[in-house]
Amino acid sequence: MTATRSAETTGLAVELTDLTREYGATRALDGLTLHLEPGELVALLGPSGCGKTTALRILAGLDHPTSGSVSVGGKDLTRVPANKRDMGMVFQAYSLFPHLTVLDNVAFGLKLRGEDRDTRTRKAAEKLELVGLGEHGTKYAAQLSGGQQQRVALARALAIEPSVLLLDEPLSALDAKVRTQLRDEIRRVQLEVGTTTLFVTHDQEEALAVADRVGVMNKGRLEQLAPPAELYATPGSTFVAEFVGLNNKVAVTVRDRQADVLGSRVPVIDGSVDDGPGVAMVRPESLLLEAGGSGPNATVASVNFLGPISRVYVDVDGAESVMAAVPSPIAVRLSPGDRVRVGVEQTPLLVVASPSA
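Heads up, the sequence shown is in our numbering, so the first residue is 1363 and it goes up one at a time.
Source of the hints: derived by calculation from the structure; they are not laboratory data.
There may be inaccurate statements among the hints.
To be verified - So the derived label-pair ranges between C-beta atoms look like this:
# : residue 1 : residue 2 : range
1 : L1474     : T1542     : 31 to 41 Å
2 : E1592     : S1433     : 41 to 51 Å
3 : T1661     : S1431     : 26 to 36 Å
4 : A1595     : D1618     : 20 to 30 Å
5 : S1683     : A1387     : 18 to 28 Å
All values derive from a computational prediction rather than experimental measurement.
Backbone N, C-alpha and C fix where the C-beta goes; we use that ideal spot for every residue, glycine too.
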């Protein structure tokens, strides 16, 4: 993306401190602590039921913690009602008023805040221009596509100039191509406006593409919070490694902070098994397939074409089967039954204890 961060951020720091939320015997949040810098976009990522939406709802004031606190800009908002929190919200459902024009939908929050008609019309028009819908102000929701309706919802949330923007699975109802386009648009707008943003999603590609930092949640806890590239390259736990991206699980032996992986010595990251047997989490793109290269022999089992990248499954002689991510112009030369050698890039990897250990 080519968008750059606004020089003057309008956002405020957000602090969620030791939040718990219990629903009877179910603990949806279990001591969640999360800090967002002013103007930062943090994505909470995790499977259904991990607590990410509960955290967002508590920040919004739509739910209340069993214990813990919420503060924005240094002000304690834990018991402040939702309508007093100065937050803009965009959800999966667009929730546009069908009887109002697009411009009036965007201006609705400003009207509730007592802005005069000229002011709210001007601000709403500015936000429609920001999301690329400046020429659609006189239309109604039914005349717009799903992606356009979600842009209107985003413009409406931004029109009140909130200190915090909350996005709860805002793209999950859209088709794949529109999702990608609107995902990038949301990031461009967020960078331009500078609003502190919490983005909740179960889609790892979405989280990695838009966020300054990604928090992976599991069973109400924050497993790891890190910039996208760091999270992907150095997962802090087995759960993070398995949830974010694809992995081959390869039996290895660790000695002197290096693992013997398919004939190669590869460094391990912090948190790995110190010494002895373990299971290496090897990214498919870290595997190299060469007709005459070094490494163990293998037989191509299948090739799955996925556009620019293909997945090549190989049966390694004397070892387990693995999957390599290979540029498609190279993969198309391979066929089931072809013999190749498997190499491993020197990218540090996570080695976890064997299940039987």
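Each hint tested on the structure:
Under the hint 31 to 41 Å, the C-beta atoms of L1474 and T1542, about 33 Å apart, fit the expected range. About 26 Å separates the C-beta atoms of E1592 and S1433, a value inconsistent with the hinted range of 41 to 51 Å. For the hinted restraint 26 to 36 Å between T1661 and S1431, the CB-CB distance of approximately 58 Å leaves it violated. For the pair A1595 and D1618, the supplied restraint of 20 to 30 Å holds, since their beta-carbon distance comes to about 21 Å.
Take S1683 and A1387: their Cβ atoms lie about 42 Å apart, and the range 18 to 28 Å is violated.
Hints 2, 3, 5, counting from the list given before, are not met by this structure.
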